[in-house]
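Peer 1: Heads up: the protein sequence lines correspond to chains Z and C, in order. Using this note's numbering, the first residue of the first sequence is number 54, and each one after it goes up by one. Using this note's numbering, the first residue of the second sequence is number 24, and each one after it goes up by one.
Since the hints were derived computationally from the structure, they do not count as laboratory data. Be a bit skeptical, because a hint or two may be false.
A few chain Z positions that, by computed beta-carbon distances, are all more than 12 Å from chain C [what the hints assert, rightly or not]:
(1) A63
(2) R107
(3) K122
The calculated label-pair distances, taken between Cβ atoms and stated as ranges, are [as the list claims (entries may be wrong)]:
(4) C:E38 to Z:S121: 48 to 56 Å
(5) Z:R113 to C:Q79: 18 to 26 Å
(6) Z:T73 to C:S45: 19 to 27 Å
Note that the Cβ used here is the ideal one computed from N, Cα and C, for glycine as well.
Residues per chain are reported as follows:
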Amino acid sequence: SQQGEEDPQALSIQEGENATMNCSYKTSINNLQWYRQNSGRGLVHLILIRSNEREKHSGRLRVTLDTSKKSSSLLITASRAADTASYFCATAGGTSYGKLTFGQGTILTVHP
Amino acid sequence: DGGITQSPKYLFRKEGQNVTLSCEQNLNHDAMYWYRQDPGQGLRLIYYSQIVNDFQKGDIAEGYSVSREKKESFPLTVTSAQKNPTAFYLCASTTSRNPSTDTQYFGPGTRLTVL
Chain Z
54 SQQGEEDPQA LSIQEGENAT MNCSYKTSIN NLQWYRQNSG RGLVHLILIR
104 SNEREKHSGR LRVTLDTSKK SSSLLITASR AADTASYFCA TAGGTSYGKL
154 TFGQGTILTV HP
Chain C
24 DGGITQSPKY LFRKEGQNVT LSCEQNLNHD AMYWYRQDPG QGLRLIYYSQ
74 IVNDFQKGDI AEGYSVSREK KESFPLTVTS AQKNPTAFYL CASTTSRNPS
124 TDTQYFGPGT RLTVL
């Protein structure tokens, strides 16, 4: 079964609004990563947060991690139509040598 | 899509046929992975390889086979034993040197359809 559960499954917003996606997981992790997938394409890595970090920023992206609740959130600020894509969280645990377990993703649609 | 190529982009298979999906990387990465993605779903791990001439089963290996004879190449064969092979297949690679910070680089994918 999937380690990560993402919420919401789909999100529709207007350009300029913020988008927040949540991810929950079940077991201990080394890090949690967020990836983006445009329709019919491969995944692109967005940001990684280690298990000992609580918050990380990259451009318009902000990721938080709460290991006590086993959850993470991805915030995209001032969204653009080009942000329309599916977003996946993925967890790396133990000595998995980079092996990741993916959630089912959130489909984000940003309307111009 | 970085330095990972997958071919073909689209593949059609008749029932009972084996087909092989190609994955090549020029990133000098040690580890390579094969995932399957069904519509509206996340990625499920089929096989992975941390080093040449070694590979391990992932969560859904039944009906698939792989080889890792060269560092750059990790082909996936979808055999006739895979009962529902229609899906989008993604290959990825990583340096595999630091489990705390490694991120995966993905190819563009192969869409396999069984006729």
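Peer 1: If a hint holds in the structure, say so; if it does not, say that too.
Peer 2: Against the structure, the hints:
{"no.": "1", "hint": "A63", "verdict": "10 Å, violated"}
{"no.": "2", "hint": "R107", "verdict": "16 Å, holds"}
{"no.": "3", "hint": "K122", "verdict": "21 Å, holds"}
{"no.": "4", "hint": "C:E38 to Z:S121: 48 to 56 Å", "verdict": "50 Å, holds"}
{"no.": "5", "hint": "Z:R113 to C:Q79: 18 to 26 Å", "verdict": "37 Å, violated"}
{"no.": "6", "hint": "Z:T73 to C:S45: 19 to 27 Å", "verdict": "39 Å, violated"}
Consistency with the previously given hints fails for numbers 1, 5, 6, ordered from lowest to highest.
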